[in-house]
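Participant: Chain by chain, the residues run as shown.
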Amino acid sequence: MTQLAKLRFPTPPSRPGESVDFSHLLISDVGQLPVPKLDLSAEDSAPYAHGLIRVLDDNGKASGPWADYLKATGSVKMLRNGLRDMLKMRAIDQRLHIAQRQGKTSFYMQCTGEEAIGCGFARMLKKGDMNFPTYRQQSLLVGADYPLELLIGQVYSNSMDPLKGRQLPIMHSSREYGYFSVSGNLGTQYVQAVGWAMAAALMKDDGIAAGWIGDGATASNDFHGALLTASVYRPPVVLNVVNNQWAISSCTGFAGGSRKTTYAERALGYGIPAIRVDGNDYLAVLAASKWAIERTRKGLGPVLIEWLTYRVAAHSSSDDPSSYRSKDEAAAWPLGDPVERLKEHLISIDAWSDERHVQAEAQVLDEVRVVQKEVETHGTFVDPQPMSPVDILRDVYAEMPEHLLRQRKELES
Amino acid sequence: MPSMTMIEAIRSAMDIMLERDKKTVIFGEDVGYFGGVFRCTAGLQEKYGQERVFDTPINESAIVGMAIGMAAHGMRPCVEMQFADYMFPAFDQISQEAARLRHRSNGDFTCPMVVRMPTGGGIFGGQTHSQSPEALFTHVAGLKVVQPSNPFDAKGLLISAMEDPDPVIFLEPKRLYNGPFGGDHSGKAIGWKHHPMGEAPAGYYKIPLGKANISRHGEDVTILAYGTMVHVAEAAVLASGIDAEIIDLRTLLPLDLKTIIASVVKTGRCVVLHEATRTSGFGAELIAEVQEACFYHLEAPVVRVTGWDAPYPHAQEWDYFPGPDRVQRALEQILEA
Ligand SMILES: Cc1ncc(C[n+]2csc(CCOP(=O)(O)OP(=O)(O)O)c2C)c(N)n1
Ligand SMILES: [Mg+2]
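For the protein sequence lines, the chains are U and A, in the order given.
Start counting the first sequence at 1; every next residue gets the next number (the numbering used here).
Start counting the second sequence at 1001; every next residue gets the next number (the numbering used here).
Fair warning: there could be bad hints in the mix.
Reference excerpt, derived from the structure (chain A facing chain U, CB under 8 Å, subset only) [what the hints assert, rightly or not]:
(1) E1051
(2) D1055
(3) P1057
(4) A1310
(5) H1314
(6) D1319
(7) G1323
(8) E1336
Simulated from the structure, these hints should not be mistaken for lab results.
Using N, Cα and C, we set each Cβ at its ideal position, and we do this for glycine too.
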């Protein structure tokens, strides 16, 4: 009898109570990949799409060509600031997550474990560049020095909210700080980043666009639409994939992530060069971002970066991951924690100490707490202050049409 | 009869159909191992295995596309869109493919498939977790569209949908998953336990598609509603003391015009409710049908109470949601007319 087809169903690194298996991950050693020339072609990027750009080893020591590349422009001060950014990001997430638990806001999403990516990438952008982030890229705002009161105001949906309470917490928007209005619908904005970059080219400004997408959402049609259009028109866009291993309860295998191929390698089929980077290594993030952004700004075409990382926290405040994955996964993640790794590195080069770290943590937490308290005086979900209902009808159009004017009358009566 | 939440009722319907018909398959995002973000499929993968109940990539177009292929081959897929707001990538597959397969192949291929999706607001979900897209589906020839308002109906209707020979869009008002909701958002959680429709037989039963339910009999005005708005109507009637007849449509397409007409002819007045935006909403269709059939019996223009023509807001949710106060005002207005 001939053997009949049987379907395959992906399995995660662990389920609750099981031991964790990350042995399938492709992780190269530090220093293996040289810094390629800026006009790297898709074919020549194959080792970069399959390998992993790393600067810090497991003991916090920086080495290899990417470390030298970074050293040429970077400074110790820049690294210390990066550590402070990440601590700030963590403090914001902690405080706002607790605020959600206290009922002060309806919803929150943390980026724990992924702080290095946005904090580092944003430091390599220029004013006028535009990110098309997902809901988990708030670290781009911290890396762009976005005013804390606006960031926190948005989450509280009160009169401090620049979006007037219209959007779900975490769905920020700021043209000035290069953060495109976040949509809840996955994938849609990846291809919009391509369009923005095409406009930058057509209008001859030197801005670039950066698209962001989670590993799970690479499954969407729009991911492929973005890659295709970027490869056809070659606009100045960096296409980022944040591969944090999970999409709510579904492991990255359901987006096609596998033992044999990487997300970065998908770009190669479209003729777009791609690199894969240790997203928990702040130095690697800076170096790779610098390389990719510089290349893009020089008009050398689109490039895709897969950031390898791990979603440490729950998907959102509505999620409890203990029902679908082992509690030990984060600790077993082979690329460690971005804050700990940068801290260790700075200590190893005598640019930091445990005492300074504790101090910085407390300082940053304080800074966040003070702003948070101030924003809370403008109202929380526990202690709401009235907002104008008419704001529902404003900005649907540039000018309120007749039918909305009628509805406004009814709303106000 | 056991008491059930709407989640349990929906799960029970799928459980029964998985048991009865080996061709039934259930899939969608986070639907398998985890059991769905609203828990509607919890335990089903464990019970029936991965080949019957499974997780999918985050691609709604692919989910429905796969379901169409399976249905055409002879299986009975029942798939989940995580939120109705996320069905839009699948709209091509639903409206251009599933809906027309029978017609364009002269019955050679058919598409007996159910697409379930949580719909409506009331959970502070903002503009991408609150929408009510029913009118987009009723506008497509070839689809059936169902929206239950309680656990008893949900189970019986879902079983009917899963046995139907044509594609059925099954809209689940997420605000009703854990209890009835008449618009009082002060925080008192009421479960289905103490609601008469929160009881449902443990086993197989059907509620036919295309049959409305008169959830309250009355003489003075007819209220047409479905989903959450049935409970809002009840709250408004209770608060106003107006003797209204409330018709819970249950199925928007096919529509039970007979029940609607009989009621409006009796009362001479009609108020139409939905949470969805007003312009080109399903209310427009209802009003057109009512005036065509009942024009000479109407004593006042038909009135509708709907969501505003704006994206569903986050913080101002209760200024957007058409609550019992607005419904009561409409009832008073139409009785004065
Ligand atoms: C089109 C669409 N389908 C489904 C959802 C529901 N949803 C929200 S987040 C999410 C998981 C996304 O995972 P991933 O892209 O890996 O990003 P991560 O949350 O890991 O950062 C899903 C399924 C959605 N927002 N949009
Ligand atoms: Mg992910």
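Participant: Confirm or reject each hint.
Facilitator: Hint check:
1. E1051: holds, 6 Å
2. D1055: Status holds, d = 5 Å.
3. P1057: holds, 4 Å
4. A1310: With a closest approach of 5 Å, the A1310 of chain A hint holds.
5. H1314: holds, 5 Å
6. D1319: holds, 4 Å
7. G1323: violated, 12 Å
8. E1336: violated, 15 Å
Of the numbered hints stated above, those contradicted by the structure are hints 7, 8, listed in ascending order.
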